[in-house]
Amino acid sequence: MFRDITLGQYYPGQSIIHRLDPRTKLLWTLVYIVSLFVADNKYAYGASVLALAAVIILSSVPFTHMLKGLKAVLVILIISVLFNLFLTDGRVLVSFWIFKITLEGIRRAVFMAVRLVCLILGASLMTYTTTPNQLTDGIERGLGFLKLIRVPVHEIAMMMSIALRFIPILTEELDKIIKAQTARGADLESGNFIKRAKAMTPILIPLFVSAFRRAGDLAQAMEARCYHGGRGRTRMNPLSMAGRDYAAIIIMFAYLGGIIVLSVLL
Amino acid sequence: MSIEIKNLSYTYNNPGSENGSRFVLKNISATIKKDEITAIIGPTGSGKSTLVQHLNLLLHASEGDILYDGRSIYGDDFDRKTLRASVGLVFQYPEYQLFENDIFTDVCFGPKNLGLEKDEVESRAKKALLAVGFSDSDFSRSPFELSGGQRRRAAIAGVLAMQPEYLVLDEPAAGLDPKGRRELFQMLRRLHDENGVGIVLVSHSMDDVADFAGKILVLNDGRVIFDDTPERIFSHGEELRTVGLDVPQAARLAEILREYGFDLPQGLITMDRLRTAITDCFNRGDK
Amino acid sequence: MPIIKAENLSYDYVRRDENDNIVDSIHALSDINLEIEEGQFVAVIGHNGSGKSTFAKLLNALLIPTSGKLFVGGIDTADESRLWDIRRTAGMVFQNPDNQIIASVVEEDVAFGPENMGVPTEEIRRRVDAALKTVGMTKFAKSSPNRLSGGQKQRVAIAGALAIMPKCMIFDESTAMLDPIGRAEVMSVAKKLNKEQRLTIIFITHYMEEAAQADRVIVMNKGKIVMDGIPREVFTETEKLTACGLEPPQMTMLAKDLRDAGLALPHGIISAEELADALRVLKGQ
Chain A
-7 MFRDITLGQY YPGQSIIHRL DPRTKLLWTL VYIVSLFVAD NKYAYGASVL ALAAVIILSS
53 VPFTHMLKGL KAVLVILIIS VLFNLFLTDG RVLVSFWIFK ITLEGIRRAV FMAVRLVCLI
113 LGASLMTYTT TPNQLTDGIE RGLGFLKLIR VPVHEIAMMM SIALRFIPIL TEELDKIIKA
173 QTARGADLES GNFIKRAKAM TPILIPLFVS AFRRAGDLAQ AMEARCYHGG RGRTRMNPLS
233 MAGRDYAAII IMFAYLGGII VLSVLL
Chain B
16 MSIEIKNLSY TYNNPGSENG SRFVLKNISA TIKKDEITAI IGPTGSGKST LVQHLNLLLH
76 ASEGDILYDG RSIYGDDFDR KTLRASVGLV FQYPEYQLFE NDIFTDVCFG PKNLGLEKDE
136 VESRAKKALL AVGFSDSDFS RSPFELSGGQ RRRAAIAGVL AMQPEYLVLD EPAAGLDPKG
196 RRELFQMLRR LHDENGVGIV LVSHSMDDVA DFAGKILVLN DGRVIFDDTP ERIFSHGEEL
256 RTVGLDVPQA ARLAEILREY GFDLPQGLIT MDRLRTAITD CFNRGDK
Chain C
-10 MPIIKAENLS YDYVRRDEND NIVDSIHALS DINLEIEEGQ FVAVIGHNGS GKSTFAKLLN
50 ALLIPTSGKL FVGGIDTADE SRLWDIRRTA GMVFQNPDNQ IIASVVEEDV AFGPENMGVP
110 TEEIRRRVDA ALKTVGMTKF AKSSPNRLSG GQKQRVAIAG ALAIMPKCMI FDESTAMLDP
170 IGRAEVMSVA KKLNKEQRLT IIFITHYMEE AAQADRVIVM NKGKIVMDGI PREVFTETEK
230 LTACGLEPPQ MTMLAKDLRD AGLALPHGII SAEELADALR VLKGQ
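Residue numbers (our numbering), protein chains in the order written: chain A, -7 to 258; chain B, 16 to 302; chain C, -10 to 274.
Hints may contain errors.
[Said to hold, decoys possible] Part of the chain C face toward chain A, derived, beta carbon under 10 Å: (1) N49; (2) R77; (3) E96; (4) E97; (5) V99; (6) P134; (7) E236.
Hints were generated in silico from the structure; no laboratory data involved.
Ideal Cβ positions, reconstructed from N, Cα and C, are used throughout, including at glycine.
Bound-form chain A, shown alone (with noise of 0.2 Å):
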């Protein structure tokens, strides 16, 4: 059950978005993130909506895929929705009950419902184009400068990309606790929300102690190959900005400025 989270998971290719700079790719969320936020008509929501399916179209990431890593966020979706469309005043379209439907309500879920869904698939496009390690090189070069305040950036960016490696080995493994205990009758489903809780202490435990024991064989077996922080490290595949991704820049400005006058003029 545990298996379906696909989200972050570098998904393989050989794209023009795989190939971009991973700053690039970076830079290009974090814009496209702010102009989510900064789009408050349809037209705008429209614009991010085309913009985001043509770089799912160039990355060639499976659409199917890319839902698969919402399923994560489903309940979360959910709510917020509901939320939007129950609690907003404005003009009466139906009522029962406590409830009334406004027709600024309606706006306002479906507003919030794409803006989450594109800023989930946007985000983890990211993810899905680009190899941990790149990402892990794009956060440690293009944020090298906030070493200058004492932000360990290389240590950061390491983490992440050994979080990113290690998770569907412990989901997996989470996995399989569940199955070992629960043919130990261990009972996970029924119950109320303590006594359910209670029961998660025999899948917990192990998870941990497993988790313990796999870092600390890794950090030997990175010590092993001579890791010792990122003072004097070199790279394989350094990175280099190519013509492609000046262009994705110049695009992306475009898009920005797009945005903004789609929001602010109409």
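Given the coordinates of chain A, assemble chains B and C onto it according to the supplied hints.
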């Protein structure tokens, strides 16, 4: 007393797994008898682990049926909890599921889940720990103080304390050193012979199962390719090798000796039998 | 000069309380004296807790000797200033394939070592390609490690150690978690490295069939070296092996039983082929 697997098929979608999207068990039929140790062998990815997870309803067959003493485990009147207690499943590397501060409390987890009285829970835990070779003085030890082999046995006790009719073990000897392996198999043999527990064992090691099992199921690519006694299965050396398996070392030596013109009987799958056969062969020559 | 040299090497695992007083100390290794020549394929066997893994970790300076000296490629492993030289000399492959692969793409993982060492970019690429080719994983260069079998993952780990260009490779129970096919994969790569690249191999295992393929077998028990010789010599001392909690190869045991039953078989049989040949000779007489 038996578990009957009837035309069982299983399909699942698994995006994160090794070989892409689906893995399948195809039309598996077999009978597991309680009074006979059954081994399931097959290369990695052949579906062994998937199959055993069906035996106590951790996985649900897409098609087909499993009969426990003649009754379908998928029937509405069949209690899932009873089945999980009757068919104890020990996963690979089970020691990683230990979670309590001492092994006694950990072993109590299973029987406690069955809703038994405290006295009964503790007496079962005690019996189980003694059965796997611990003594009273070990009960309060933390799993972290134990050796790998001991931890493994404590984990097996955790399942045994539910007093299952069958104990199903997935690669129980994986990663143990020779001494740990030997102790483990002796213990399983004792559980079967003395306590009457039915044993089903998933294994990679031909030498282990030749000595141990009364019957072997060989799986490949989700299908049963052999279902027979070890003697007969290990006479198919060529076929086993084509699917990435092999015969026990004794059977291998017997194969070579036959090529060399030795007149040896069939079914020489253990070192004991081979030794007798070879000495017989030479004694006959003397006469 | 031997590539590995231990002089009265000891290592204790020490547990201390909050005030730094010693609560408990376990002698994992005591008084080891040993020399390993460059280019040898040495198997180290012993039951769990015999000290063999501690020895492996000392070789890579992941642990520092409690007393005595250990030299790797002539460098004292206790010399902190030479730490990276030691790790560059002795590459290491661990037990759990999942817990030693750092990157999410095979070739990026292989590049991790040389990147840490500050090797120039073009040179890293050359090393990664060569290492992947040696272990036969070129086809999987762009794959995710999660999609590989256990044996393939270990081959990636070997390539990762190889890219450091060590003089010696330590396999710390690298086959323990693998199926028979995976074990054979790792063993054949180890033998290839030894033959073709003259790498010194230290192969720690508890599988006798693997140890039988080495040039030299070292048996450890309770932190001491109890036997040291060519496999044939070591494995025929069946009582001594059993006393160490090990199981002599089945064929050696069978040959011994047959000898006891009166067959005039020679000593030193360790494989099925050898026993079959000996029996054929005997029958011909």
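| query | Any hints this thing doesn't respect? Which numbers, in order? | reply | 7
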